[in-house]
Amino acid sequence: MTEISVDEIRKRILENHSLSGLDLSGLNLRNMNMRGVNLSEANLSDCSLWGTDLKQAKLRRANLERANLNYVDFRYADLRDTNLKEATLIMANLEHAILNGATISRANFSFCNLRYANLVGVCTSSAIFHESSLDTKH
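Numbering that gives the first Met the number 0 numbers the first residue of the sequence shown as 0 and each following residue consecutively.
Hint data in this document are derived by calculation from the structure and do not stem from the laboratory. Don't take every hint at face value.
[Said to hold, decoys possible] Restraint ranges, calculated between C-beta atoms of paired labels, are given here:
no.: 1; residue 1: Asn15; residue 2: His129; range: 13 to 23 Å
no.: 2; residue 1: Ser124; residue 2: Lys10; range: 40 to 50 Å
no.: 3; residue 1: Ile3; residue 2: Gly35; range: 11 to 21 Å
no.: 4; residue 1: Val119; residue 2: Ser4; range: 32 to 42 Å
Here a beta-carbon is modelled for each residue, glycine too, at the ideal position from N, C-alpha and C.
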């Protein structure tokens with residue numbers, strides 16, 4: 000994976016470039032507008048994405064282990080086969096997100112909106128869903 004600075008990330012987003020496969024681990028990406036950005040196979044472990052707009056983003060097979068994803072907007076995002084192990088997603092909005100095959104062990108989804116999220120093939124036994132909305136009826 001290729002390392003990149005926060006300023007370069009902002010530039011690539013403005014120019015509609017993909018961030019797929021990049022090493023963004025440990026960066027502070029709080030409150031960024033990353034709507035629709037391709038982050039597939041990117042390493043976002045230990046990142047702070049607090050309050051970031053990731054609506055309709057492509058995060059397939061991304062590594063978000065131990066990431067701070069509190070208040071992130073993941074509506075309609077593709078999180079298939081993503082590693083969310085030990086991530087915190089307090090108050091995140093995952094409405095209509097696709098999480099098929101995601102790893103979510105010990106992740107904290109407290110107070111999340113998971114309405115209509117696709118959780119097929121996701122083992123939820125060690126994740127925390129305190130006060131989360133999990134309605135799957137259309």
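How the hints compare with the structure:
| no. | hint | verdict |
| --- | --- | --- |
| 1 | Asn15 - His129: 13 to 23 Å | violated, 38 Å |
| 2 | Ser124 - Lys10: 40 to 50 Å | holds, 41 Å |
| 3 | Ile3 - Gly35: 11 to 21 Å | holds, 19 Å |
| 4 | Val119 - Ser4: 32 to 42 Å | holds, 37 Å |
Consistency note: the structure conflicts with earlier hint 1 alone.
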